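Residue numbers (this note's numbering), protein chains in the order written: chain A, 4 to 118; chain B, 36 to 151.
Hints are computed from structural coordinates only; laboratory data are not their basis. As the structure is a prediction and not an experimental result, all values here were calculated from the model. No incorrect hints appear here.
The list that follows gives simulated cross-link-like pairs (lysine-lysine, BS3-like), each with its CA atoms no further than 30 Å apart:
| hint | chain 1 | residue 1 | chain 2 | residue 2 |
| --- | --- | --- | --- | --- |
| 1 | B | Lys132 | A | Lys72 |
| 2 | A | Lys105 | B | Lys59 |
| 3 | A | Lys105 | B | Lys103 |
| 4 | A | Lys61 | B | Lys132 |
| 5 | A | Lys52 | A | Lys25 |
| 6 | B | Lys113 | A | Lys105 |
Pair ranges (Cβ atoms, derived):
| hint | chain 1 | residue 1 | chain 2 | residue 2 | range |
| --- | --- | --- | --- | --- | --- |
| 7 | B | Leu151 | A | Glu18 | 32 to 42 Å |
| 8 | A | Asp57 | B | Pro96 | 38 to 48 Å |
| 9 | B | Thr139 | A | Pro21 | 21 to 31 Å |
Derived, one-sided and incomplete: chain A residues facing chain B with beta-carbon distance under 8 Å:
| hint | residue |
| --- | --- |
| 10 | Phe93 |
| 11 | Leu106 |
| 12 | Phe108 |
| 13 | Gly110 |
Every residue gets a Cβ at the ideal spot worked out from N, C-alpha and C, and that includes glycine.
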Amino acid sequence: AQSVAQPEDQVNVAEGNPLTVKCTYSVSGNPYLFWYVQYPNRGLQFLLKYITGDNLVKGSYGFEAEFNKSQTSFHLKKPSALVSDSALYFCAVRGSRAAGNKLTFGGGTRVLVKP
Amino acid sequence: DAGVIQSPRHEVTEMGQEVTLRCKPISGHNSLFWYRQTMMRGLELLIYFNNNVPIDDSGMPEDRFSAKMPNASFSTLKIQPSEPRDSAVYFCASSLKRTTTQETQYFGPGTRLLVL
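Kindly produce the complete structure, drawing on both the sequences and the hints.
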């Protein structure tokens, strides 16, 4: 079975400071990893994904994520947070040996960026 | 591209009534997913289709829930009869499934359902 853990329910950060949202996973085979963001009353928006290759993945809105196979982590980062980055962030995973193309999502981390 | 389209955006109904949620996936996509989001349980996959065929419905909570995909451009999620605990935001997502690549799922805006 595949699973995702987002250990922090909420992350608070001051505007201009670096932002990190943590994610760890468990899958069979090679992992395919995704980050989504959800703004209030909106659907989930795709930010970035890791399939293979460079461990540092760059995505939308200045976000990036680092894949660490030994630590089974895929933390989301942004060097300088904006107030507009305040939202709910979801990490998701699919194992290469999983049947179909079913994603498993983490519980979400709420990010609050204060001015 | 219009993205994934869901209707209605909001639905308020009384317990026992039938509720039908609709989804139009992104043109050309061949996989469709229905999710439910609540504060208590987070984001749950209910069912997904590949090429209009249901692949995994293990997340469908009860027989009161049913989903269909009569063609590549339309899907419905029906709840009959509805109960207050069905109140949630229901999302539809679609993706293009290829043999070996991992496709991104794109989400619709959701339907906010309130069952009184």
